[in-house]
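Q: Chain P is already provided as a structure; the job is to place chain C on it using the hints.
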Amino acid sequence: MIYRKVLFMRVFTAFSFIFAAGLAAQHTYTSGDIEDGALLYRGTCVGCHGPDGNLVPGIDLPHMKLRRASNDDQMIAIIRNGVPGTAMPPSNVTEFQAGTIVAYLHSIGNTAGGAASAGDAARGKAIFEGKGGCTSCHRIRGQGSRSGPDLSDIGAYRRAPEIEKSIVDPDAEILPQNRTVRVVAKDGTATTGRLLNEDTFNVMILDSKDRLVAFPRANLREFTFVDKSPMPSYKDKLSAQEVADVVAYLSGLKSVEVK
Amino acid sequence: MKRALLLLLGVGSLSAQVTFDRIVNAAKEPQNWLTYSGAFGSQRHSSLSQITPANVKNLELQWQYQVRSLEKFEATPLVVDGVMYTVQPPNDVMALDASTGRVFWIYSYTPSSDARPCCGRVNRGLAILGDILFMGTIDAHLIAIDAKSGRPIWNREVAKAASGYALTHAPLVVKDKVIVGTAGGEFGIRGFIAAYDAKTGNEVWRFHNIPEPGEPGHETWKNDGWMHGGGSVWVTGSYDPETNQTFWGIGNPGPDWNGDPRPGDNLYTDSVVALDADSGKLKWYYQFSPHDEFDYDSVQVPVLADMQWKGRARKVMLWANRNGLMYVLDRTTGEFLQGKPFVEVNWMNGFDEKGRPMRVSGKVPTRDGTLIFPGNQGGTNWYSPSYSPRTGLFYIPTWGDYSSIYTKNDVEFEEGRNYGGGRPRGTVNLARAPLNVRKDGEGFGAIRAMDPATGERKWEFKMSDVTDAGILTTDSNLLFSGGREGFFYALDARNGELLWKATLGGPVQSGAITYSVNGRQYISVNAGSSLFAFALRQ
Chain P
460 MIYRKVLFMR
470 VFTAFSFIFA
480 AGLAAQHTYT
490 SGDIEDGALL
500 YRGTCVGCHG
510 PDGNLVPGID
520 LPHMKLRRAS
530 NDDQMIAIIR
540 NGVPGTAMPP
550 SNVTEFQAGT
560 IVAYLHSIGN
570 TAGGAASAGD
580 AARGKAIFEG
590 KGGCTSCHRI
600 RGQGSRSGPD
610 LSDIGAYRRA
620 PEIEKSIVDP
630 DAEILPQNRT
640 VRVVAKDGTA
650 TTGRLLNEDT
660 FNVMILDSKD
670 RLVAFPRANL
680 REFTFVDKSP
690 MPSYKDKLSA
700 QEVADVVAYL
710 SGLKSVEVK
Chain C
417 MKRALLLLLG
427 VGSLSAQVTF
437 DRIVNAAKEP
447 QNWLTYSGAF
457 GSQRHSSLSQ
467 ITPANVKNLE
477 LQWQYQVRSL
487 EKFEATPLVV
497 DGVMYTVQPP
507 NDVMALDAST
517 GRVFWIYSYT
527 PSSDARPCCG
537 RVNRGLAILG
547 DILFMGTIDA
557 HLIAIDAKSG
567 RPIWNREVAK
577 AASGYALTHA
587 PLVVKDKVIV
597 GTAGGEFGIR
607 GFIAAYDAKT
617 GNEVWRFHNI
627 PEPGEPGHET
637 WKNDGWMHGG
647 GSVWVTGSYD
657 PETNQTFWGI
667 GNPGPDWNGD
677 PRPGDNLYTD
687 SVVALDADSG
697 KLKWYYQFSP
707 HDEFDYDSVQ
717 VPVLADMQWK
727 GRARKVMLWA
737 NRNGLMYVLD
747 RTTGEFLQGK
757 PFVEVNWMNG
767 FDEKGRPMRV
777 SGKVPTRDGT
787 LIFPGNQGGT
797 NWYSPSYSPR
807 TGLFYIPTWG
817 DYSSIYTKND
827 VEFEEGRNYG
837 GGRPRGTVNL
847 ARAPLNVRKD
857 GEGFGAIRAM
867 DPATGERKWE
877 FKMSDVTDAG
887 ILTTDSNLLF
897 SGGREGFFYA
907 LDARNGELLW
917 KATLGGPVQS
927 GAITYSVNGR
937 QYISVNAGSS
947 LFAFALRQ
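As given, the protein sequences belong to chains P and C, one line each in that order.
The opening residue of the first sequence carries number 460 in the working numbering; numbering runs sequentially from there.
The opening residue of the second sequence carries number 417 in the working numbering; numbering runs sequentially from there.
Isolated chain P (complex conformation) (with noise of 0.2 Å):
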């Protein structure tokens, strides 16, 4: 999960990726470059193509591993102007922004698969309705706490390895629509909870005890975020095999069934 806590404080990682673009100049994606691809993947492909770009047969974006192109620019071209008679549509990213996304896979191809290959899902199942205690904040298909994030799809947007950061480091990325905060109104009730949604007269929250609840402003005396995560780090509560145990399960929930 990312979050951008306030981008100045970012440490902008040193590498940057270079990847040629056919007759075009050479483009050079920075790392803030391939995270905007990322969050752009994340919006726009990950439905179809899966966090790791491999959810349509026969295609494996990282890899390269393409039915119609075989090279970046190609590449490029499919994700603005889609395939014509497929399920693949036109997109309205720009030339650059369609760049941010190819060099975000190519980066997600040089990455290992992480601890999803090692795990066992059915153990990490287990584990993550027992010993974790995970069901007390999390939900997964209708079982269990709705104070965390629903997990019911998360193998469908987020790869193992992100999964495992947030198991092992919850703190370092938390979605903005995960935040929690803590309101005081003025007779002194305080509430911590999910905020949902603000504007300049309302704030409205997932409290702890799985409430909808609307707070006027001008009903409260404290109104803050809660900077760091609601969830523990796992990392010397699990072991690592536990850990694999417990991505190779959320990797596999992908799609909730609707009946």
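Be aware that a few hints might be false.
Stated by the list, open to error - Below, in silico cross-link-like pairs of lysine to any residue (SDA-like), each with a Cα-Cα straight-line distance of 25 Å or less:
#	chain 1	residue 1	chain 2	residue 2
1	C	K855	P	K713
2	C	K855	P	F660
3	C	K878	P	R680
4	C	K473	P	D658
5	P	K713	P	E554
6	P	K590	P	L697
7	C	K855	P	A649
8	P	K687	C	D867
9	P	K687	P	G603
10	C	K855	P	R680
11	C	K917	P	A644
12	C	K855	P	K590
13	C	K917	P	M663
14	C	K855	P	T650
15	C	K855	P	A580
16	C	K855	P	R501
What the hints assert, rightly or not - Computed from the model, here is a short list of chain P residues facing chain C with C-beta under 8 Å:
#	residue
17	T489
18	D495
19	F555
20	C596
21	A631
22	P635
23	Q636
24	R638
25	L654
26	N656
27	E657
28	D658
29	T659
Since the hints were made in silico from the structure, they are not lab data.
Note that the Cβ used here is the ideal one computed from N, Cα and C, for glycine as well.
A: Here is chain C on its own, set in the frame of chain P:
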């Protein structure tokens, strides 16, 4: 491509023609709204005072008109003797009864598919002279339309849409001419401002925003970068009848974020130019952001005010710039009088004696990115500010605590293609409404009331989300504005106290206006895809 859809549903109120003299003296007929900003001084201030701080709580919706478009609705209407004229995006002109919202006619124009606006198929409004309305189109045409029938009178191609040119702002009528400037600063255009004969549509004069060889200012382009130097115009200028000068803000140089292909100050990008309204000759200029690499278009409304300045009466121009600084200039001579930040600014740290900003070393776009305050959308932007002669305060729609990380790339010009040379990375998703979970450090919207004499902030009304809404003030010390959250509200212009608010369901992306019909004052504003009109409960 072009078709006129005529819905003659009734006969509008009989009105005298809108002469140039009426526009010059717009303040004498506050029941009307005759130009984009209400009058040539562009204060977006009205002397109407039926609605007051005491009774504004009794405002209620009189009518709502839902446009047949889901594109951004940024037009400011004109109101002439009970008839409202506005533009449904992208380029449909409408005449409505200003007291009921019922439509008299619609002129529907279909822009060429060559049009390639950077930022939405927007239109910000119309101009009127006599019985003729004037609209710039997204495919860079200027069209004259009969205000009574909605039929087109003439249609001129101002520039090539396929090359990236567009017209998005409301034209400005001065005497017998219609003045427009070209948008397209992200496509390597060479922007210009031109005047057209209101009767014939023939071009009368043209001012090159990017001077060519032999023209003053060309020396600020050290190579041939001027050929694709940008310098767009996309917000309506102002006019001072006493000096016959018309003032226009000019946009960013191209490429936006990589200044390497264009060494030099790059005049007249990011400048205000004062032009002789008869000839288009340059009288003076002031460049706010020399050699800009942050997309700091100086495309804001030039606000003209007459005020005491250090003990003597002075004709000034107030300017809240996208670069985060609020300026006071002498509008007769262009003399720099004052410049002060109204938001956090880190790209400059003061001015030299001539009013040139002193740059902070290292604050330039880089391959890996450089954090700059304010961010790419600016401390403010095209959203109309307001100056109230009643309070003496200058009100700015503001983005506070807002920054971007600017990166630059290599770029080569290709006609009609984006010519950015980099890009800003936001610290927050700018499209966050209707779900907003931001922190203050990720930017917030505000109305900031500034004392132009000192550059100090008198008060602030803070919003949760950022804002694209302009500001209207009235002689009764009311201020109207809104924001992305869909709120439209009234503040006490003296202290920022919230007096009234309504939820309109969509973002306010224009400035409100006020007018009156049969003695009843209305406040009108766009929000989402609708046009609303409020008046006091009867």
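Q: Each hint should be assessed against the structure and marked as holding or not.
A: Here's how the hints hold up against the structure:
1. Annotation: proposed proximity of K855(C) to K713(P) is violated, straight-line Cα distance about 31 Å (limit 25 Å).
2. Simply put, K855(C) and F660(P) have alpha-carbon atoms about 15 Å apart, close enough for the 25 Å limit, and the pair holds.
3. Among the hinted pairs, K878(C) with R680(P) is consistent with the structure: their alpha-carbon atoms are about 16 Å apart, no more than 25 Å.
4. Taking the CA atoms of K473(C) and D658(P), the gap is near 21 Å; set against the 25 Å cutoff, the hint holds.
5. A C-alpha spacing of about 30 Å is found between K713(P) and E554(P), which places the hinted pair above 25 Å, so the restraint is violated.
6. For the proposed pair K590(P) and L697(P), the alpha carbon gap of about 9 Å is at most 25 Å, so the pair holds.
7. For the hint pairing K855(C) with A649(P), the CA-to-CA distance comes to about 20 Å; that is within 25 Å, so the pair holds.
8. This hinted pair does not check out: K687(P) and D867(C) have alpha carbons roughly 41 Å apart, beyond 25 Å.
9. A C-alpha spacing of about 22 Å is found between K687(P) and G603(P), which places the hinted pair at or below 25 Å, so the restraint holds.
10. As the CA atoms of K855(C) and R680(P) are separated by approximately 17 Å, the hinted pair is consistent with the 25 Å bound.
11. Between K917(C) and A644(P) the CA atoms are separated by roughly 23 Å; this keeps the pair inside 25 Å, and the hint holds.
12. Distance hint between K855(C) and K590(P) is unfulfilled; the C-alpha atoms sit about 35 Å from each other, more than 25 Å.
13. Using a Cα cut-off of 25 Å, the hinted pair K917(C) and M663(P) holds, with the two alpha carbons roughly 19 Å apart.
14. Taking the CA atoms of K855(C) and T650(P), the gap is about 18 Å. The hint holds against a cut of 25 Å.
15. For the proposed pair K855(C) and A580(P), the alpha carbon gap of about 37 Å is over 25 Å, so the pair is violated.
16. Among the hinted pairs, K855(C) with R501(P) is consistent with the structure: their alpha-carbon atoms are about 23 Å apart, no more than 25 Å.
17. A distance limit of 8 Å between C-beta atoms decides the matter here; for T489(P) the minimum to chain C is near 5 Å, and the interface restraint holds.
18. Restraint check, D495(P) versus chain C: the minimum CB separation of about 6 Å is within 8 Å; hint holds.
19. Taking 8 Å as the C-beta contact cut-off toward chain C, the hint placing F555(P) at the interface holds, the least distance being around 7 Å.
20. Interface hint status for C596(P): violated, as the beta-carbon distance to the closest one in chain C is roughly 18 Å, over 8 Å.
21. The interface hint given for A631(P) is violated, since its Cβ lies 17 Å from the closest Cβ of chain C, which is over the 8 Å cut-off.
22. Evaluation of the P635(P) hint against chain C yields a held restraint, the C-beta minimum of about 5 Å falling below 8 Å.
23. Because the closest C-beta pair between Q636(P) and chain C is about 6 Å apart, less than 8 Å, the hint holds.
24. At a threshold of 8 Å, the smallest CB-CB gap from R638(P) to chain C is about 6 Å, leaving the interface hint in force.
25. Taken as an interface hint, L654(P) checks out: its beta carbon lies about 5 Å from the nearest beta carbon of chain C, inside 8 Å.
26. At a threshold of 8 Å, the smallest CB-CB gap from N656(P) to chain C is about 5 Å, leaving the interface hint in force.
27. The beta carbon of E657(P) comes within 5 Å of a beta carbon in chain C, closer than 8 Å, and the hint placing it at the interface holds.
28. Hint on D658(P) holds. Least Cβ distance to chain C is approximately 4 Å, under the 8 Å limit.
29. A hinted interface residue such as T659(P) counts as satisfied when its beta carbon comes closer than 8 Å to some beta carbon of chain C; here the least separation is about 5 Å, so the hint holds.
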